[in-house]
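Visitor: Could you put the whole structure together from the sequences, leaning on the hints where they help?
If you're matching them up, the sequences are chains A and B in order.
The numbers in this note's numbering rise by one with no breaks, and the one at position 186 of the first sequence is 186.
The numbers in this note's numbering rise by one with no breaks, and the one at position 201 of the second sequence is 201.
Calculated directly from the structure, the hints in this document are not laboratory data.
No more than 25 Å apart at the CA atoms, straight line, and that leaves these computed lysine-lysine pairs for PhoX-like:
(1) B:K203 / B:K221
(2) B:K181 / B:K203
(3) B:K59 / A:K129
(4) B:K47 / B:K203
(5) A:K129 / B:K81
(6) B:K47 / B:K59
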Amino acid sequence: MDLEALWLTLRLAASTTVILLLVALPLAWWIASGRGPARALVQALVALPLVLPPTVLGFYLLVAMGPLTPPGRLLIRLVGHPLAFSFEGLLIGSILYSLPFAVQPLVAGFEAVDRGYIEAAAGLGASPKRVFFSVVLPMARASLLTSAVLTFTHTVGEFGVVLMLGGNIPGATRTLSISLYDLVQDGNYAAANTTALALVGFAMVALVVIYLLPSVRRSDGRQADVVR
Amino acid sequence: MGGVALDVEFRLTSPWTVLFGPSGSGKTTVLRAISGLVRPEEGRIVKDGQILMDSSTGKFIPPHQRPVRSAAQAAWLFPHKSVRQNLMYGSGWPTRPVQAMEIAEETMSLFRLGELADRNPVELSGGERQRASVARAVISAVTFEGPGQALLLLDEPFTGLDAALRDELLTGLRDWLTRWKIPVLSVTHTLGEAFQLQAEVIKIADGRVVEQGPVETVLAKERQRLLMQLRAE
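Guide: In structure tokens form, the structure reads like this:
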């Protein structure tokens, strides 16, 4: 197995997860507590990567980050080099591509927190920020874990966006899934098998963690508090 | 007001005022408007000269900035916190933590919650949760940082408690809040409760204030009817 590719994949997945959670928390809270056409539009934009072929996203990002467009030229001037075919470019692609996997579990988790708790906290003088951090977030903690695990594993498994946007540069943009593709192209099936097994094992462990979560969720007795 | 037609006007003059009326008459909505959880289309709410909302000027102070503390009809104890953490959630007096703790302890013993403090809310019975919820709002109101005192809003605080405990709590709580000069507006549809509290009563029906005054005057008819019913048994 290409250890450099493994290390790069883990680095990409970890960075994507950390950045995406920071973006997804406020975004998901806004979606969960909002209404109207603006909310629907944002929800559609967030869900778009789920239905688009990854190559479409990759293609537009490639164009946007390249010297053909004004934002691309600005980026090149700011960063000093084109973002496409670099780790940073890949990171931006991963963030956009995994956005729905981070946001949607959080929206579901936030919506499951009954308004009664939020109003009770407000009635005790808690500011909206305090309500979010001391009531909403802890009560939705299982969703937070789901969101993190899904984002991480989905990033590990992405292929189309990486190929379009990053190409295949060892140490910079060659992830495990690309390395697997390479090995198969070379006819090296034994090594391909090791890499594929590692990816399967990884996904399996992550999914088991997520499906073990309901037992975590049950212990907070979310539905058990209504008196009458 | 959110599809609810409600047209009320009243002034709190007594330490404990009771909103009395049948269910669906708009009592809870009045409390929610005062705490800022709903925004009336038209109206004006003032506490001790401070305008909390005024539709004519568009002023609206958000709930957490109002000198108001409240407990809803359902308990809404935070399930991820212990009973004690719940009770301390809204406590103020950051500059006097020792005194705040004393207030909490005294309120807890008043509500017979001392032994339950380290439990998880899911382990409590319905009545215990109800008591913890009211106690939480009381602690928050007493330790309100000021200026002035917080107005305490209680929505059916004693409903669902057994009679003996309710009588004891009712008097105990009234004395405790009088001591700290905390004004209370509570909601009830129980006649006995209004009389026991010796409160000023605002009678409300179909979203309108019917009458306001001392309990003996305002609820005289209801009292008479109840006595007749008891004699007829």
